[in-house]
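Colleague: Following the hints, complete the assembly by docking chain X onto the known chain Z.
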Amino acid sequence: QVQLVQSEIEVKQPGASVKVSCKVSGYTFTDYYMHWVRQAPGQGLEWMGWINPKSGGTKYAQKFQGGVTMTRDTSISTAYMELSRLTSDDTAVYYCARGSRVAGIRFPSDYWGQGTLVTVSS
Amino acid sequence: DIQMTQSPSSLSASVGDRVTITCRASQGITNYLAWFQQKPGKVPKLLIYAASTLQSGVPSRFSGSGSGTDFTLTISSLQPEDVATYYCQKYDDAPRTFGQGTRLEIK
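Protein chains in written order, with our numbering: chain Z, 1 to 122; chain X, 1 to 107.
By construction, these hints were calculated from the structure, which means they are not laboratory data. Check before you lean on any hint, since a few could be wrong.
What the hints assert, rightly or not - Simulated crosslink set (DSS-like; lysine-lysine; CA at most 25 Å straight-line):
hint, chain 1, residue 1, chain 2, residue 2
1, Z, K59, Z, K23
2, Z, K63, Z, K12
3, Z, K19, X, K42
4, Z, K12, X, K42
5, X, K107, X, K42
6, X, K45, Z, K59
7, Z, K19, Z, K59
8, Z, K23, X, K39
9, Z, K19, Z, K54
10, X, K45, Z, K23
11, Z, K23, X, K42
As the list claims (entries may be wrong) - Chain Z is faced by these chain X residues, among others (derived, beta-carbon under 8 Å):
hint, residue
12, V43
13, L46
14, Y49
15, Q89
Where is the CB? At the ideal position from N, CA and C, for every residue including glycine.
So that you can see chain Z by itself, here it is in the shape it has in the complex (with noise of 0.2 Å):
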């Protein structure tokens, strides 16, 4: 079965750089674009960007351009996400989310990770 697992908990201190992992299986990584979605406390979901593992092409929103760096290692069906310069209000939740299939027709995320929580405090 489908399934992405993220890495654990982590607490930052502004300024500081974070990198959350998503190790998936039950699929082949490189025929899925992979996205990032992140909530804050509280609030809504906001999708931050994807990328296609394929190619490693990605996609970031306006708001996290300069600031997130999405990346993969095809060898582990791994990806990453790393956003830097950190202030609390990164404080949130993030999920990987499986996309659409690379050269495919568009698709929701329909297989999520469990989340990871990262808290910037100092």
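Modeller: Positioned in the frame of chain Z, the structure of chain X alone reads:
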């Protein structure tokens, strides 16, 4: 960027009621519209895609309609387990913007 606006932001209804949530896109997105359900403390779950297609395993009391800019999620007979926040999301192109969410409670 296209904005997604949901209404209402919250609603309270009785078990068995018919519930409707609307989502409006600031520009046309044809039918590239999905609905998600998020129960407290849980991961979002895909309910509907292509505006009206029920994801596998989702109860038939859920339905979706609309095209272009105006979309609707309907629960035909509200059940206690439907307490959740519901989000629409456009997926025609990046950014895949979400609506702000609708919190649904039982009266």
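Colleague: Does each hint hold? Answer for all of them.
Modeller: Hints, verified against the model:
{"no.": "1", "hint": "K59(Z) with K23(Z)", "verdict": "holds (20 Å)"}
{"no.": "2", "hint": "K63(Z) with K12(Z)", "verdict": "holds (21 Å)"}
{"no.": "3", "hint": "K19(Z) with K42(X)", "verdict": "holds (22 Å)"}
{"no.": "4", "hint": "K12(Z) with K42(X)", "verdict": "holds (24 Å)"}
{"no.": "5", "hint": "K107(X) with K42(X)", "verdict": "holds (22 Å)"}
{"no.": "6", "hint": "K45(X) with K59(Z)", "verdict": "holds (23 Å)"}
{"no.": "7", "hint": "K19(Z) with K59(Z)", "verdict": "holds (17 Å)"}
{"no.": "8", "hint": "K23(Z) with K39(X)", "verdict": "holds (24 Å)"}
{"no.": "9", "hint": "K19(Z) with K54(Z)", "verdict": "holds (20 Å)"}
{"no.": "10", "hint": "K45(X) with K23(Z)", "verdict": "holds (19 Å)"}
{"no.": "11", "hint": "K23(Z) with K42(X)", "verdict": "holds (19 Å)"}
{"no.": "12", "hint": "V43", "verdict": "holds (5 Å)"}
{"no.": "13", "hint": "L46", "verdict": "holds (5 Å)"}
{"no.": "14", "hint": "Y49", "verdict": "holds (5 Å)"}
{"no.": "15", "hint": "Q89", "verdict": "holds (6 Å)"}
When the structure is compared with the earlier hints, no violation turns up for any of them.
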